[in-house]
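A.B. asks: With the hints as constraints, model all of the structure from the sequences given.
Those sequence lines, one after another, are chains A and B.
Following my numbering, the numbering of the first sequence begins with 1 at its first residue and continues without gaps.
Following my numbering, the numbering of the second sequence begins with 1 at its first residue and continues without gaps.
Note that these hints are calculated values from the structure, not bench results.
Hints should not be assumed to be uniformly reliable.
Distance windows between CB atoms, simulated [said to hold, decoys possible]:
(1) A:TYR307 - B:ASP39: 39 to 47 angstroms
(2) B:ARG42 - A:VAL50: 26 to 34 angstroms
(3) A:PRO330 - B:ARG42: 32 to 40 angstroms
Heads up, simulated DSS-like pairs for lysine-lysine below, C-alpha to C-alpha not over 25 angstroms straight-line [to be verified]:
(4) A:LYS311 - A:LYS286
(5) A:LYS284 - B:LYS92
(6) B:LYS52 - A:LYS314
(7) B:LYS110 - B:LYS97
(8) A:LYS193 - B:LYS110
(9) A:LYS282 - B:LYS3
(10) A:LYS286 - B:LYS62
(11) B:LYS66 - B:LYS52
(12) A:LYS199 - A:LYS286
(13) A:LYS282 - A:LYS254
(14) B:LYS87 - B:LYS110
(15) A:LYS311 - B:LYS110
(16) B:LYS62 - A:LYS254
(17) A:LYS309 - B:LYS87
(18) B:LYS110 - A:LYS194
(19) A:LYS282 - B:LYS87
(20) A:LYS284 - B:LYS66
(21) A:LYS309 - A:LYS286
Chain A is nowhere near these chain B residues, computed Cβ spacing over 10 angstroms in every case [as the list claims (entries may be wrong)]:
(22) LEU12
(23) TYR23
(24) GLN31
(25) VAL37
(26) PRO54
(27) LYS62
(28) ASN68
(29) TYR76
(30) LYS97
(31) LEU103
(32) THR104
(33) GLN108
We put the CB at the ideal spot given by N, CA and C, even for glycine.
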Amino acid sequence: MRKTVIPFGPQHPVLPEPIHLKLTVEDERITEVIPALGYVHRGLERLADVRDFHQMIQVVERVCGICSVIHALCYCQGVEEMMGVEVPPRAKFLRVMWSELHRIQSHLLWLGLFADSFGFESLFMQFWRVRERIMDISEATTGNRVIVSVNVVGGVRRNPDAEQLRWLLTQLDWVEEEIQRLETTMLEDYTVKKRTVGKGVLTGEKAYELGAVGPVLRASGVAQDTRQTGYAAYGDLHFEPVVETGGDCYARSKVRFRETLASIDLIRRAINRLPDGEVRAKVKSKGNPQGETVNRVEQPRGELLYYLKGKGEKNLDRVRIRTPTFANIPPLLVMLPGLYLSDVPVVTLSIDPCISCTER
Amino acid sequence: MFKMTSNIMRNLVVKKSTRRYPYEVREPFDQVRGELVNDIDRCIFCGTCAVKCPSQCIEVDKQTYKWNYDPFACVYCGVCVDICPAKSLFQKTQYRKPVGERLTISMQGKPRKKAKDKEAAKAKEVPAAEPGGEPPPDESPSAPEE
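C.D. replies: Here it is, written out as structure tokens:
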């Protein structure tokens with residue numbers, strides 16, 4: 001049959017960010033996919049040459065527009081490891097709290113966008129309405145809505161008092177109730193299932209072999225989550241990953257939906273066990289970072305890896321960032337062949353692509 | 001169908017989820033990092049904010065006592081507020097209103113007398129009355145010149 005090459009992106013109504021996929025199509029079915037990246041490269045890693053290692057926190061926060069806390073957390077953990085700084089326990093629990101708040105808002109954002117990708121716009125509005133409350137919590141506790149710059153080398157900058165934490169918990173109760181109200185629509189609705197069940201299937205072995213991370217991997221039945229390594233205070237919170245076995249778009253949305261509720265639970269446990277004391281260790285006497293570290297944390301989209309190298313100077317020698325979307329593009333190329341052209345937006349969005357992250 | 005009806009009935013009684021924004025503005029939270037303001041009378045022109053700023057949006061001229069700030073390059077991280085030794089920088093809880101043109105905020109300060117300089121000035125007066133007193137202590141290079 002005659003082959004046609006159809007470009008998908010870099011500008012497409014369903015894509016929030018520019019990724020270009022060259023789709024080879026036979027009739028209506030896709031046979032081959034070639035991705036092209038590089039539309040939003042900003043060279044943030046190179047900025048380490050001109051910004052000192054404290055200023056780099058604000059730079060790495062801007063690698064991803066949505067999960068700033070977790071990027072800064074990973075970077076700070078790396079620098080702290082090189083400098084031999086012990087983070088106070090209260091700061092570790094607060095880091096978990098803010099990470100999970102960011103995971104909730106990122107997942108709610110994705111669930112809304114995903115609903116929008118198959119044309120369910122009122123569900124999109126409902127998810128973003130709930131998300132707004134999480135943004136308010138961020139603003140009240142850290143000072144900013146998205147890029148909160150709350151992590152510093154040695155701990156965190158804000159110390160919420162008991163009253164603020166009580167308010168946070170009441171707000172979370174409201175959020176949980178509202179998310180649960182949307183559960184039947186997101187997971188049991190006939191039209192939603194029609195567009196997602198059995199689309200873009202990725203088997204467990206294939207996902208593992210291609211190095212999928214995060215919800216894409218867990219939706220294929222592989223129980224792997226970097227939070228299991230117990231960084232920050234996750235080790236004390238008895239964390240268990242959310243796993244589904246379907247491997248299709250429906251399973252991926254279910255993993256993210258359940259993770260949102262699991263994150264609310266984690267925040268509650270973190271606040272209940274929050275120890276008293278300092279939130280910021282003194283780092284001035286420790287000098288400059290020296291040596292090499294590799295640090296992994298779990299971003300909403302999957303495993304995030306930071307390689308840092310310092311020579312004992314104010315500026316770091318090398319900052320290398322590997323983001324989860326970069327790892328999830330090869331699995332995407334396996335999911336798409338065999339599908340109809342009309343399913344491409346839904347399947348592409350199901351890996352939660354964050355292109356500005358990937359290209360840095 | 002029944003589910004839909006209950007949803008419609010609920011939506012008739014609940015509050016709107018949006019706000020008529022320019023006319024109705026939500027009260028800001030207490031700890032919000034909004035507009036950056038420099039209380040220029042308290043500023044000692046040490047230049048620490050300019051050095052620590054991650055977006056390099058602040059320029060300080062120690063000789064002419066000028067404090068320049070580009071609000072459009074600022075990322076509102078609040079690092080300068082945290083490290084300001086004179087506590088002259090602070091952030092309002094309101095965000096800066098949108099404007100049509102780019103602008104740089106330039107503030108002109110007055111040379112400020114430090115406590116140490118005042119003592120030095122007194123010490124200068126004393127030797128005039130009784131010669132042979134101790135010479136006045138050296139002024140640090142960053143101290144403002146009269």
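A.B. asks: Each hint: holds or not?
C.D. replies: Results of checking the hints against the structure:
1. One distance hint, 39 to 47 angstroms for the beta-carbon pair TYR307 (chain A) and ASP39 (chain B), holds here, with the actual separation near 43 angstroms.
2. The hint said 26 to 34 angstroms for the Cβ distance between ARG42 (chain B) and VAL50 (chain A), and at roughly 31 angstroms that hint holds.
3. The given range of 32 to 40 angstroms is broken by PRO330 (chain A) and ARG42 (chain B), whose C-beta atoms sit roughly 57 angstroms from each other.
4. Under the criterion of a C-alpha separation no larger than 25 angstroms, the hint pairing LYS311 (chain A) with LYS286 (chain A) is consistent with the structure, at around 14 angstroms.
5. The hinted pair formed by LYS284 (chain A) and LYS92 (chain B) fails the criterion: a straight-line CA distance of about 29 angstroms is larger than 25 angstroms.
6. As the CA atoms of LYS52 (chain B) and LYS314 (chain A) are separated by approximately 12 angstroms, the hinted pair is consistent with the 25 angstroms bound.
7. With a CA separation close to 29 angstroms, the supplied pair LYS110 (chain B) and LYS97 (chain B) exceeds the 25 angstroms bound.
8. For the suggested pair LYS193 (chain A) and LYS110 (chain B), the alpha carbons sit about 69 angstroms apart, so the restraint of at most 25 angstroms is broken.
9. Restraint check: the Cα-Cα separation between LYS282 (chain A) and LYS3 (chain B) comes to about 57 angstroms, which exceeds 25 angstroms; the hinted pair is violated.
10. A threshold of 25 angstroms between alpha carbons decides the hint, and for LYS286 (chain A) with LYS62 (chain B) the separation of about 30 angstroms lies outside it, so the pair is violated.
11. The suggested pairing of LYS66 (chain B) with LYS52 (chain B) holds, with an alpha-carbon distance near 17 angstroms, which does not exceed 25 angstroms.
12. Annotation: proposed proximity of LYS199 (chain A) to LYS286 (chain A) is violated, straight-line Cα distance about 53 angstroms (limit 25 angstroms).
13. Among the hinted pairs, LYS282 (chain A) with LYS254 (chain A) is inconsistent with the structure: their alpha-carbon atoms are about 43 angstroms apart, more than 25 angstroms.
14. With a CA separation close to 17 angstroms, the supplied pair LYS87 (chain B) and LYS110 (chain B) stays within the 25 angstroms bound.
15. For a cut-off of 25 angstroms, the pair hint linking LYS311 (chain A) to LYS110 (chain B) is broken: about 42 angstroms separates their Cα positions.
16. The suggested pairing of LYS62 (chain B) with LYS254 (chain A) is violated, with an alpha-carbon distance near 59 angstroms, which exceeds 25 angstroms.
17. Of the supplied pair hints, the one linking LYS309 (chain A) and LYS87 (chain B) is violated, its CA atoms being roughly 35 angstroms apart against a limit of 25 angstroms.
18. Of the pairs offered as hints, the one joining LYS110 (chain B) and LYS194 (chain A) is violated, with about 71 angstroms between alpha carbons and a cut-off of 25 angstroms exceeded.
19. As the CA atoms of LYS282 (chain A) and LYS87 (chain B) are separated by approximately 20 angstroms, the hinted pair is consistent with the 25 angstroms bound.
20. Restraint check for LYS284 (chain A) and LYS66 (chain B): not satisfied, since their Cα atoms lie roughly 29 angstroms apart, outside the 25 angstroms limit.
21. A threshold of 25 angstroms between alpha carbons decides the hint, and for LYS309 (chain A) with LYS286 (chain A) the separation of about 16 angstroms falls inside it, so the pair holds.
22. No Cβ of chain A comes within 10 angstroms of the Cβ of LEU12 (chain B); the nearest lies about 16 angstroms off, and the non-interface call holds.
23. At roughly 19 angstroms, the least C-beta separation between TYR23 (chain B) and chain A is larger than 10 angstroms, which holds for a residue marked as non-interface.
24. With a minimum CB-CB distance of about 5 angstroms to chain A, GLN31 (chain B) fails to clear the 10 angstroms threshold, and the non-interface call is violated.
25. No Cβ of chain A approaches the Cβ of VAL37 (chain B) within 10 angstroms, the least distance being about 15 angstroms, so the stated non-interface status holds.
26. For PRO54 (chain B), the requirement that its beta carbon stay farther than 10 angstroms from each beta carbon of chain A is not met, with the minimum near 4 angstroms.
27. At roughly 21 angstroms from the closest C-beta of chain A, the C-beta of LYS62 (chain B) stays outside 10 angstroms, upholding its exclusion from the interface.
28. The Cβ of ASN68 (chain B) sits about 19 angstroms from the closest Cβ of chain A, beyond the 10 angstroms cut-off, so the non-interface label holds.
29. For TYR76 (chain B), the non-interface assignment is contradicted: its Cβ lies about 7 angstroms from the closest Cβ of chain A, within the 10 angstroms cut-off.
30. For LYS97 (chain B), the condition that its CB be more than 10 angstroms from all CB atoms of chain A holds, with the nearest at approximately 17 angstroms.
31. The beta carbon of LEU103 (chain B) is kept farther than 10 angstroms from every beta carbon of chain A, the shortest such distance being approximately 22 angstroms.
32. At roughly 21 angstroms, the least C-beta separation between THR104 (chain B) and chain A is larger than 10 angstroms, which holds for a residue marked as non-interface.
33. Distance check on GLN108 (chain B): its Cβ is at least 28 angstroms (rounded) from any Cβ of chain A, clearing the 10 angstroms threshold; non-interface status holds.
The structure fails to meet hints 3, 5, 7, 8, 9, 10, 12, 13, 15, 16, 17, 18, 20, 24, 26, 29 from the earlier list, while all remaining hints are met.
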